[in-house]
Amino acid sequence: MMEIYRTRSWNNPPVKVNFKETKPIDKMPIDPYKYPPCKVKGCPKDDKERWPELLGKSTEEAKATIHRENPKVTAVLVPVGERVWPNFCCNRVWVFFDGQYKVTSVPTVG
1 MMEIYRTRSW NNPPVKVNFK ETKPIDKMPI DPYKYPPCKV KGCPKDDKER
51 WPELLGKSTE EAKATIHREN PKVTAVLVPV GERVWPNFCC NRVWVFFDGQ
101 YKVTSVPTVG
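Numbering (full-length UniProt numbering), first residue to last: 1 to 110.
Hint data in this document are derived by calculation from the structure and do not stem from the laboratory.
Heads up, a few of these hints could be off.
Here are the simulated SDA-like pairs of lysine to any residue, each with C-alpha atoms no more than 25 Å apart in a straight line [to be verified]: (1) Lys63 to Gly42; (2) Lys57 to Pro71; (3) Lys57 to Gly42; (4) Lys48 to Pro71; (5) Lys102 to Glu61; (6) Lys63 to Glu49; (7) Lys41 to Lys63; (8) Lys102 to Val76; (9) Lys39 to Gly56; (10) Lys45 to Val84; (11) Lys102 to Pro52; (12) Lys57 to Arg92; (13) Lys57 to Val40; (14) Lys39 to Arg68; (15) Lys102 to Leu77; (16) Lys63 to Pro37; (17) Lys39 to Arg50; (18) Lys41 to Arg68; (19) Lys63 to Glu82; (20) Lys39 to Gly99.
Just the calculated beta-carbon pair ranges, DEER-fashion [what the hints assert, rightly or not]: (21) Asn87 to His67: 35 to 43 Å; (22) Phe88 to His67: 15 to 23 Å; (23) Gly99 to Pro37: 25 to 33 Å; (24) Thr74 to Lys45: 12 to 20 Å; (25) Lys41 to Glu61: 15 to 23 Å; (26) Gln100 to Lys41: 32 to 40 Å; (27) Glu61 to Gly110: 16 to 24 Å; (28) Arg83 to Leu55: 19 to 27 Å; (29) Gly42 to Gln100: 35 to 43 Å; (30) Pro44 to Gly81: 25 to 33 Å; (31) Asp98 to Pro44: 16 to 24 Å.
Built from N, CA and C at the ideal position, the CB exists for glycine as well.
With these hints in hand, go ahead and build the complete structure from the sequences.
So this is what it looks like as structure tokens:
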């Protein structure tokens with residue numbers, strides 16, 4: 001089973017949670033400091049930016065495919081319903097997944 005980490009506040013370290021738990025947990029956005037610094041200028045236009053073929057695929061397959069086809073980006077796994085930072089980053093792809101660890105929306109650079 002894949003491990004999911006969430007931060008409960010900006011000052012506390014991430015804590016491991018069980019994605020399948022039914023109790024609501026606080027809705028902090030995914031911690032942006034856990035990933036590479038955001039690049040917003042000079043986004044390369046010749047690299048792949050969207051992966052519609054990954055809809056319904058496993059998160060592990062999606063992450064591997066994204067890295068293989070565009071090694072300049074980091075695929076960030078996000079459970080459906082989680083909030084994410086709305087800033088645009090050339091080097092990040094949000095990969096939203098459901099309780100079965102299947103991709104639920106088209107992964108896109110940003």
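(request) Against the earlier hints, flag every one the structure doesn't satisfy and list their numbers going up. (result) Violated hints: 3, 9, 13, 20, 21, 25 and 31; rest satisfied.
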